[in-house]
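K.L.:
Here are the chains, one letter per residue:
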Amino acid sequence: MISCTEFIPAYSELFKFIEAKEDKKAVLGFWEYLSDAFLTNLKDLVVEQGIEGCWTYWSKTLSEEAADFTMELDDEKGEFSIDMHACPSKGRLLEYNHIEPYRDYCEHCDLLYRRVLEPLGYKYELDRSRTDFATCRLTVSKIKP
Amino acid sequence: MAKKVIKRKASDNPYHHPDFHTALNYGIDYLYNSLGKEAVREYLVQFAGAYYSPLKKALRDKGLTAIKEHYEKIYEIENAVFDMHLSDEELIVHLSESPAVMHMKAGGHQVSSVYNETVATVNREICKRTAYDCELVDYNEENGGYKLRFYKRKL
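Note that the protein sequences, when read in sequence, are chains A and B. When you number the first sequence by numbering that gives the first Met the number 0, it's gap-free, plus one each residue, and the end is 144. When you number the second sequence by numbering that gives the first Met the number 0, it's gap-free, plus one each residue, and the end is 154.
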């Protein structure tokens, strides 16, 4: 059995495998498929709770992933953010001496969540300028009518 | 509602995110549906060859004890019910039910028909180019439980 603690390298290798077999477009296609099939829980929470659904979703996932982060929700302003000080996924990939991370690994976070949140009326921004240090900043804000 | 803020350090929580099992399952199923069963095996060989290279080295250096220690650690993290029997010639690993499969089913997700390759192909690859081999003796499609046999190759 592959443990869930071994998933991140399996995920990274999967992206590499798909790109080698086909191309980058196929990797993007896989991320779209994964977003639609797998992130139904995020979608359901945001539909039900509004922007607080982001808080509910990431409170659970980032705690289970043992992430180092600061998360903020301003319900009145309709703003949610995560300052990822040490991403557990990218951090692990950078720590391995025997595994080379997929070149565009962090891009999946941009596509997967954007694909859920934008159709629900939210602006999704992900600053990936420091992902080589396993840090990033995610902001979600309600688009005002 | 007032503004809410939480700050967490990595050390605040154990690393155990079972939804990753579901994501891997979707990856396996995507490959199966788009490129076929051989592509699933090829991917798992690539992953296992890369990621488990330290375990392969330990298998060469320490023998089947290395596999036993690896799975004891993994199953403990996953809260799995298991038993293992190690002798000079073989290691039998019996997992009563797979925490991965049970988690996916509890979440209403369809388990890929080739998910058992994550057991069979991965463990065969770990053994490749060592003195040992591995066979999946039994696999329960309902709960993902299995019996794996690691054994010394005949020269």
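Think of the hints as simulated: they come from the structure by calculation, not from any bench. Heads up, some of the hints might be wrong.
Unchecked claim - Distance condition first, Cα-Cα at most 30 angstroms in a straight line; then the derived DSS-like pairs of lysine-lysine:
(1) A:LYS59 - B:LYS36
(2) A:LYS143 - B:LYS6
(3) B:LYS72 - A:LYS42
(4) B:LYS36 - A:LYS122
(5) A:LYS59 - B:LYS153
(6) B:LYS36 - A:LYS24
(7) A:LYS76 - B:LYS36
Fair warning: this is a prediction, and the values are worked out from it, not measured in the lab.
K.L.:
Compare the structure with each hint and give your call.
P.N.:
Now for the hints, and whether the structure bears them out:
no.: 1; hint: A:LYS59 - B:LYS36; verdict: 34 angstroms, violated
no.: 2; hint: A:LYS143 - B:LYS6; verdict: 28 angstroms, holds
no.: 3; hint: B:LYS72 - A:LYS42; verdict: 34 angstroms, violated
no.: 4; hint: B:LYS36 - A:LYS122; verdict: 39 angstroms, violated
no.: 5; hint: A:LYS59 - B:LYS153; verdict: 49 angstroms, violated
no.: 6; hint: B:LYS36 - A:LYS24; verdict: 21 angstroms, holds
no.: 7; hint: A:LYS76 - B:LYS36; verdict: 49 angstroms, violated
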